[in-house]
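Undergrad: Read off the chains here:
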Amino acid sequence: MTLLRPTVLLPLLFATLVAAFSFWLERRVNLLTQSPPVEPAGEIDLVSGELAVDVYSDTGLPMHHIEADHAIHYLAGDRTALERPRVTSLREDVRFTGRAQRADVFDHGERIEAFGDVLVTRLLDGAETRYEGQMLVWWPDDGRARSDLPVVITRGERRATGDRMEAEDHLAKITLIGNAHVHWPPEPKTAANALAPAKPAAGKTTAPTPRAKPDSRQPAPRRSPSR
Amino acid sequence: EKADKQKPIEIDADRIHVDDRQKVHIFEGNVLMKQGTLEIRGDRVVVTQDEQGFKTGVATAQGGKLATFKQKRDNSDEWVTGEAERLEYDARTNKIKLIGRARATSGQDEVRGAYIEYDQNTDQYYVTTAGGTSSAPSGRVRAVIQPKNTEEQ
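Listed in order, the protein sequences are those of chains H and V. For the first sequence, counting from 1, position 190 maps to 428 in this note's numbering; every step adds exactly one. For the second sequence, counting from 1, position 142 maps to 1473 in this note's numbering; every step adds exactly one.
Bound conformation, chain H alone:
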C-alpha cells in the first residue's frame, strides 16, 4: 500500500501536528484576550453628587431624611446605589439614625441593603439602642431588619452579640441567633435600691436549717429591697 510508505506517511503526520498546534494556539490566544463578561449594569437614568431626599408616606407624613455623597439609579431592578448614606427618622413615634459605607435602595425605598460599618441608633423610652455590624437589610415601612453577619447591640451598659439577627419594630424587638451572648452589668445604685441587704442577727450561725413544715408558710422577715 503506497500510503504506508514513509515518504508519504511522515509529511502527512507532520502536517496534522502543525494543524493541531495552530488550532490550540488560536484557542489559547482567544481565552487570554477575551475580556470577562461584564454584568449588564442596566441602564442608568440618574447620577447625583451630593444627594438629600425627604421620604414621605403614602398619606403625606414625613418618614425619613436620606443623604449620600453619591447616588446612581439603575432602571433595572429600580436600584439606587448610595455612597456613604446617612438616614435620620422624621417620624414622631420612631426616632432613629443610620449610616453605612454604601447602600442599595430597592423598589422606591421599600427595602434598603446597607453594607460596611453599619451603625444604627434607635431612641426608645429615653434610652438609645445601638446596632453595629457589617450589613443590615431594612424594610422601613414595617420596621423589620435582618443581618446575616455578626452584630453587636448595646443599650446603656448592656451589650449583646450574635452571629445573625432578626429585628422588628425598628430594633425594639431583636432576636440574636447563634452564639448569642449578653453582658449585663448591675444597674447603677439608685436611692430606691441603695439599701444594703439585711445582715443575719449577730452570733446566729448561717448554717442552712431546712424548715420542713408542710403548708405552714412562715412570713419572710420584712426587709427593704436591696440590689
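Honestly, the hints are just simulated from the structure, not real lab data. Careful, some of the hints might be misleading.
Said to hold, decoys possible - Calculated cross-link-like contacts (lysine-lysine; reagent style DSS-like; alpha-carbon spacing at most 30 Å):
#	chain 1	residue 1	chain 2	residue 2
1	H	K411	V	K1386
2	V	K1401	V	K1365
3	V	K1365	H	K411
Note that the coordinates shown come from a computational prediction; the quantities given were computed from them, not determined experimentally.
Guided by the hints, dock chain V onto chain H, whose structure is given.
TA: Same frame as chain H, now just chain V:
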C-alpha cells in the same frame, strides 16, 4: 455570695429575644446564666426587669431534664446547688424558688420536696410538699443533714 449582686450578668444561649418595650429577655438553647459565683442552667430562661431595675429570672428545661443552679456560700468553700423543673430567681427578694422535683444541697446536706425556697439573705430553705401556692400531689419532704464533726461541736 452576696458580692455576686455587684457582678455583671453574663448569659450565653443559642438564641436571644430582646423586647425593649416590654423589658423582657428570652434565652433559648443551652442557656448558661452567670453572675459572680451564681450559675443557672436551663433550656429556656426568661428574664424580666421591673421599673426599679430589679430582675427576675425563670429557668426551665425540656425533655424531662431539670433546670439547675449553683452558688458559693459566703465566707465558705461550700456550694449551694439546686435543681427543679422550674427555677425562679428574684433579685428583689434575693430568693430562689425551686418548683417540681426540687432538690437542693448545701455542702453535704440535702433536701428534697415538691417546692423549695432558698433565701440567699439568711442561707435558709423552706421545703414543702405542696407547691408554694397551689396544691401538689402528696409526697414527703426528705432532708439529710450531716452531723458536724465532733471536734467542731
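Undergrad: Is it true that the CA of K1401/V sits at most 30 Å from the CA of K1365/V?
TA: With a Cα-Cα distance of about 10 Å, the restraint between K1401/V and K1365/V holds, given a limit of 30 Å.
Undergrad: Quick one, are K411/H and K1386/V close enough, alpha carbons at most 30 Å?
TA: holds (19 Å)
Undergrad: For the pair we were handed, K1365/V and K411/H, check the Cα-Cα distance against 30 Å.
TA: Given pair K1365/V, K411/H holds - Cα atoms ~24 Å apart, limit 30 Å.
No hint from the list above goes unmet by this structure.
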